[in-house]
Each structure stands twice: as C-alpha cells, then as structure tokens.
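J.: Residue numbers (our numbering), protein chains in the order written: chain A, 1 to 257; chain B, 1 to 278.
Just so you know, the hints here were simulated from the structure itself, not pulled from any lab data. Cβ coordinates follow ideal geometry from the N, Cα and C atoms, glycine included.
Which residues of chain A face chain B? A few of them, derived with a C-beta cut under 10 Å, are: (1) Val-14; (2) Phe-19; (3) Ser-37; (4) Pro-39; (5) Ile-80; (6) Arg-170; (7) Leu-192; (8) Val-217; (9) Leu-243.
Straight-line C-alpha distance at most 20 Å; calculated EDC-like pairs for lysine to aspartate or glutamate: (10) B:Lys-90 to B:Glu-167; (11) B:Lys-119 to A:Glu-224; (12) A:Lys-62 to A:Glu-49; (13) A:Lys-50 to A:Glu-33; (14) B:Lys-119 to A:Glu-33; (15) B:Lys-90 to A:Glu-250; (16) A:Lys-55 to A:Asp-228; (17) A:Lys-5 to B:Asp-171; (18) A:Lys-176 to A:Glu-160; (19) B:Lys-119 to B:Glu-135; (20) A:Lys-50 to A:Glu-32; (21) A:Lys-176 to A:Asp-153; (22) A:Lys-50 to A:Asp-228; (23) B:Lys-119 to B:Glu-143; (24) A:Lys-94 to A:Asp-153; (25) A:Lys-50 to A:Glu-224; (26) A:Lys-5 to B:Glu-175; (27) B:Lys-119 to A:Asp-228; (28) B:Lys-91 to A:Glu-250; (29) A:Lys-176 to A:Glu-161; (30) B:Lys-90 to B:Asp-171.
Away from chain B, derived, C-beta distances all over 10 Å, residues of chain A: (31) Ala-162; (32) Leu-187; (33) Ile-252.
Each chain, letter by letter, is given below.
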Amino acid sequence: MKKSKFQLLMVILVYFFIFAPLLLIAMTSFTEESYISFPPHGFSLRWYEKVFNTKSFLDSFKLSFTISIGATLIALLVGIPGAYAVSRFQFKGKRLIKDLFFSPNLIPQVVVGFALFTFIIVRLRLNVSVALLTGLTVSVVTYAFRTVGAGIDRFDYSIEEAAMSLGANRVTVFFKIVLPNISSAILSAFLLAFINAFNNVPLTIFLSAPGMVTLPVAMMNYIEYNYDPTVSALSVLLMIMSLLIMLISEKIVRSGK
Amino acid sequence: MKKNGWYYLLIFPGLLLLALFLMIPLLRIIIPTFFPNGTFSLELYRSFISNKFYLGIFFRTIRISVLTCLICIVLAVPVSFYISRMRAAKKGLMIALATFPLLTNTVVRAFAWTTILGKTGILNTMLVSSGLIPEPVQLLYTEGAIIVGSVYLFLPIMLISLVGVMENISDEIQEAALSLGANRLVTFIRIIIPLSMPGIIVGSVLVFAGTASAYSTPLMLGGNRNMVMSTLIYQQAMLLGNWNSASVIAALMIVTSYVVVNVLNWIAAKLNKAEARE
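Chain B with its partners taken away, still in its complex shape (with noise of 0.2 Å):
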C-alpha cells in the first residue's frame, strides 16, 4: 500500500458533514450543562439525580433495557443453535425471514402490539371469552408492555448476531462432549454457551443500546405514566421548553451508553484472552 495525500481529499467530506452536524451541535448542548451560571457546576446534574421522579425515569430506563436483552438471549440462544445447524438454503430463508421485521418501521411494530395488548385487545378478547378472567386486565401502558414491544423490536437482531458465531462452532466439539458421556444440557451450557459468548455480547450491545434509547415503542406501549429516558428528553425539550434539563439528559444518555458498550466489549476482550490461555 502506498503512502499519499489523497487520504486527506477522500475523508474530507465526511468529516466535515460529521463534524459539523453531529459534533458541534452535541458539544453546544454537553458543554454548557458543566457552566449554567458561567462557572463550572454540576448543580444540574445534582438537581437530576436528586429529583425522585427524573432518577426514577432513568433507573426504568436501565430496568427495561437489562430486561430485554435477558429475554432475547434466553429466546435466541437455542433459536439460533438450531438454526446454525441448518442447511446453508435453509439457514439463508430463517435470516431472511428474522430480517423482515427490522426494514418495517418501528411505528408499525409498535401499533401492532397496541392492538393485541388493549382493553379490548386481541388478547384481552381472548382471554375474557375463553373465561379464564372475568374482565379485560391492564396490559397496554404498562412497563411489561414496553418490554414486549422491545423484546418484538431487537429479538432478529440478537438472533442474527447468534447465528453468526454459532455456525462457526464446529459440530465435532458437541459430538465430542456427548461421546464422553455428558448430557446434552450439560454439553449446551459448558460447551456451546461460552462459545457463543462473543455473539451475545455483540448482540447484546445492539439490544441494550437499542432498547435505551428507543421513542415510538415506549410512547405507544407506555404512555406518560411509563416515561423513559427518551421520551423524557423530547416532552423536556419539545413541549416544556426546558432545553436545560434536555441537554442533561443528553448527556446522561450518551455516557450510559457509552459505559455499557464499554463494559461489555470489556467483558468480551477478557473472555477472548480466557480462552486464547485455554
């Protein structure tokens, strides 16, 4: 490869488009939040984290997105295996299919589990004629169903992400587990489990990171008594015109984030070095 200038040229344009447009404005937000009285101060963030009702929003924010990312391991971990193991045709129509939902709009996905989760939702309907409870229950607009409308939304993710390392994962290896006499549990959790780690850390990250800050999901399935990080930003800077506050939780947003990717491709990189030592 030949050393020249014409990088400089080639990586202008985005760079510039970046800078301009993503970093300047998220500094012009960040930086001010440390000098709301022209000295630095962290009376905003105080303020944040000592209002009940603001750190209550974050720690749901925290408890959906774990929730989720749980579910969608335990679903896809024997999903994907199963699916890895299929014939390379076979394989190609089930990532296809998981492929699907994730081009429909989230605004799609979402209005579809309204319909299923009202009062006088498909499942209440169900439920109520089949007599196995007396009248429809509370199901939309609650924290359980933000967690099913976001296990709906990032579960293709975390299978796709599994089936990419699992059908590397030759099948000698369980065959060997099996003839030395292990169980086929005992084989999946010793054996096949840490050797997916990497795919569900990667898809984890996809899933945490998703669910934290995603909008119309827990708009639609929440509603105001279930407010989220996201959501509270947007009531924050767009219907109270309290730019403020929004820029602190922009900031607390983009540092959550940031230490959860980090952790995770943390935990990733020690169990590679683990397994290397192996």
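Pulled out of the complex, with its shape left as it was, chain A reads as follows (with noise of 0.2 Å):
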C-alpha cells in the first residue's frame, strides 16, 4: 500500500508534539542558572541535588510508594478472584458485576475523592492513610479486573477441566494449573495498577492532610511558590521510572507470547 507523504509529515509533527515537551523539561534539569530558562546555561546535577535534599519530596515519595503498592496489592486480591468468577462461571447478574467493576474507570475520580472524605475521613474519623488506601485500591482495580481477566480469557479452559477430571479439585487447579499460566498477566496488572496509583492526583488531593501528601500533590504544591528546575529533576527521576516499568512489561508481554 502506498503512503502518503501528507500522513508521514503528521506523524512527524505529533510525535514531536509528544515528545518536545518532555526533552525541554530534561534539558532545563541541568541548568546552572536558579530558574527555568530557554536554553538552558552550562551544566550541573544541582538541582538534582536538592530533589535528594528537599524533605516534602523524599515524605511525599515514601507515602505514595508504599500507599500505592499496598492499593496495588489488595487491588489484585479482589480483582483476582472477581475475573476469575466472571471469566469461568456462568450466574445471575453477572453482567452487572462486570460493569460495578468497571465503574471506578467511569465516575470521575474527583468525585469519588471528594465522596471518599465526607465518608471515611469526616464521617468515619479514619486516618488519611487509611482513605488514601481504600481510594487508590478503588480507583485501581478495574485495571486488575481487566487486566487478569483479559489473561484468563486467554488461558484454555479445557487444561483446567482436564486436570478436574483426574481428580484435582478446583482450588488446586486454580493455583497449580491457573495462577502459573496468567502470571505475565498478573505482573502487567500489578504494573499498570501501580503507576496509575502512584500518578494519582484528582482522589488524592481530596485525601490529605498537613505532611501527609501524595508525590504529586507535593509537586504541585512546590511548584505553586517555587519555580526552580527543582521540579524538572524530579520529573526527569520520575519519568524514568516510568520508562522502566515500561520496558519491564513490554518484557513480560514478549515472554508471555
């Protein structure tokens, strides 16, 4: 098939489009100067430096790593189960299940954060950690539903059966024969899961309290009375976690293949 040069010259614009903002922000990390400039002067990890030394990123960080693998976690304890039910068995108001787990994905994230701290932080008296536990697990799991469901849909039923008709029962297949087939699926879940909590802004900004912020939030909030090449280093640590867990799960998905 022929191409067009006019689609060629857009794919250029829009990946430059994509990408030009997110080399500026790299290259004005590096700057000697004490603001964000264009180009940016001489070379230094200064700012870097201060990323390490500014103690509202480091609690912010901590806070949202161990929040978002807890959420991540029972994420996938719930949603496990939940795809494997809808994936293998036929019952009533099975469809209805389907959409309640979908349903975290469709309502703004802003109102289940505002709903959140009527609900857990006003009316329950609960900790912040506690409300920014059980959001983050809501507004994850659809992608552990999915995700997983996705894999066991994958997985041929007849293998389980099998295994049923020389007498295992069913929760030994699921964890000798099920669990070790959808485990690339698992760990893309737990992936996905995790970055989408840790990025979190619109539930977490609802649940905070003083030192007690998510990385994000803390971001934003810096950037409101600083505007240093601070938060370019930052970004520039933060996108590289993200490139990592994405070369981590284009991994699993070529090994599952």
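Reconstruct the complex from the two isolated chains, following the hints.
T.: Set out below in structure tokens:
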C-alpha cells in the first residue's frame, strides 16, 4: 500500500508534539541558573541534589510508594478472584458485576475523592493513610480486574477441566494450573495498577493532611510557590521510573507470547 | 462450564470493596442534594443553574472537552492510519512511544507546558527574539492553554484506540477504491474514516471523560480565572467548605459523563447496525 507524504508529515509533527515538552523538561533540569530558561545555560546536577534534599519530596515519595504498592496488592487480591468468577462461571447478575468492577473508571475521580473524603475522613474519622489506601484501591481495581481477566480468557478452559477430571479440586487447579499460567497477566496488571495509583492526583488531592500528601500533589504545591528547576529534575527521575516500568511490561508481554 | 456456588465467594471481596468505598460514599453525597430541607426538592440544582458563574464553568468544561476531543480526532486519524500500515515491529515501537507519556504523571506533563507557554516561557522568548511579536503575549492561564494541555494528555489514548481499529482495515479495500478511480482524499473520507468509526468513538469516550474530569491540567494551565467543574468541586468542598454545592457539582459531573458516554455508545451501535445492513 502506498503511504501518503502528508500522513508521514503528520506522524513526525505529532510525535514531536508528544516528546518535545518532555525533552525540554529534561534539558532545563541540568541548568546552572536558578530559574527555568531556554536554552539552558551550563551544566550542573545541583537540582537533582536539591530533589534529594527536599524533605517534602522524600516524605511524599515514601507515602506514595508504600500506599500505591498496598493499594495495588489489595486490588489484585480482590480483582483476581472476581475476574476468575466472571470469566469461568455463568451466574445471575454477571453483567452487573462486570459493570460494577468497571464503574470506578466511569465516575470522575474528583467525585470519588470528595465522596471518600466526606465518608472516610469526616464520617468514619479514619486517618488519611487509610483513606488513601482504600481510595487508590478502588481507583485501580478496574485495571487488575480487566488485565487479569484478559489473561484468564486467553487461558484454555479445557486444561482446567482435564485437571479436574483427573481428580484435582478447583482450589488446587486454580493455584497449580491457572495461577502459574496467568502470572504474566498478573505482573502486567500489577505494574499498570501501581503506576496509575502512584500518579493519581484528582483523588489523592482530597485525601491529604499536613505532612501527608502524595508525590504529585506535593509537586503541585511546590510549583505554586517555587518556580525553579527542582521540579524539572524530579520530573526526569519520575520519567526514568515510568520508562523502567514500561520496559519491564514490554518484556513480560514478549515472554508471555 | 459448570454452575456452582463458588462465584459468590470469589466476587464477594470485590463487591464489598466497591459497595463500601464507592457506592455508599457516592450515595451519601448525592441523595441529600435532592432533600435540602428534609423534603424532596430540586432547589439546589435550580440555584446552580441560575448562577451565571457556575453555569459558565459548566459550559466551559463541556466546550474544552468537546474541542479537545475534536482536535485529538483530527490529529490522530492520519497519524494512526500511517502507523497501522507499518510492519509489526515498527508499529509496536510507535505504540510504545505513544504509551510512554501516559505513564508519566499529569503534573509533570502540565508543568512542561507552563515552561513553554509562560510569559517568560520558551514560546514567548522565541517569538519575541525572532521579531514576530513586540512583547510577550498571555498564553498561559487561558482556555486555549487548557485545551493544548488536554490534547497533550489524551492524544496518545486516541492514537492507540485508532491504531487498534485501523490495523483491521485491509489494504485491498483502499486499493479497490483507488483502482475504481476515487482519489486518495475521497477514499480516505468515504472508506477509511467510516470503517474507523468504532475506534474514533471509543477514543472519544476516553478523551471526553478524561478531559471533563482532569484536575491538575486545568488548574496549572488555566489558573483561577478559567475554572472547570473539577477545580470548582475542589474549591467548594475543600477551600470554602460548601459541601452542598460540591455534592451538586458531583452529581452533575456524573450525569454529564454518563450521558456523553451513552450517547457515543448509542451512535456506535447505530453505525454498527447500519454497516451490518449494507
């Protein structure tokens, strides 16, 4: 098929549009000056040093990281059995269950954030970390459910039936046969859910307390009062983290094939 | 497939989680908006609609979301088609490249645009030093900035949705049209775009819903003068403590996204039927 020159031009322009801003941040992060300028002057790593000396970034990174890991693990614990039930059994209200598992992605996150704020923090008087953990679990459970569900759908049911006809019970079959075969789907789901929990702003902005904010919210607060290349440097570090996550998932997808 | 009771046990944790921490909290804020004084009344909604400031914010949110969606479609259609014709390895690379920004948080991506669009930003500096404009112009903290930032956030999603559908369009269809004398542009508009409609609609649902509920991008690029529903709900709830008003906004946001998603899906179903009939 002939490809058109116009389309090629659009491809170049659109990919430039997608990557130029990220490259610009990377370039400004190495500047020697104390403000963001372009083209950047000199070369220094002082802004990276400052990231590691800024307490609010370190604290919020620790909070975001641990809460996101926790939320992801709970989402998987809840999502894997749910996905297995929907994929392998026929039952009344299956459609409804599926819709329910997908609903967190259909309701605006700020709305969920506000609702959880009034319920968990104001009404139940639980602390912010509990609120963050439950909120982020709810917000990423769809990823766990969907990605693992796709993995189970791809796994041939007749293999399970064969194991059962040879006398294994369902629980044994699940842990010995199904789980090892969907491990790559579970790993992908883990990474996808983790990065989405870690990056979440609209929900976590409602669930914070003094000294207890997630990293993206801490960045927003920092930018409001300081406009220096520290945020550029931190952005580059976060991009490296995203890149690693992406490379690992690619590898998983490939080895799964 | 055997029928048995296992599924109750398997779906129970998920049901519990979503009932306790999604459905109940939502109902707890939405239901009281219909009973402001103990009896059923739409008073709170009436006062929201009669408030010009709020109504302006509602329509700004819709306007920004629609425009973002349209711009994403226009940019993504030719690009995705080109990518869909690439060889598998190259196609995979292009998709992976488009996925990368999606894994980077929205604050980073909005921040990049503040450094580009600001008064002393890269764009203004370049325009002034090249003599095109005499002094820096206001680009940041405008509705336009929010739209640029939103397109930036969601264009990759539209690209990926479209490539997924377009790679199933066979080369022969286009070649047949061309060999029958249709020119490239006509072929593209009459054949390729209608066949890509399911992807365009899936992409539009994601882009519209995403833009209409984004928080950091409108805040960082729009400033206080260009509020949208999501920044308004935060202001009402957390800065002004006006929970009634925040709950009404919450209800309106849910209804808006529900209506738009369903209308788009309805259009998609109609198109599918029309296609099946032909």
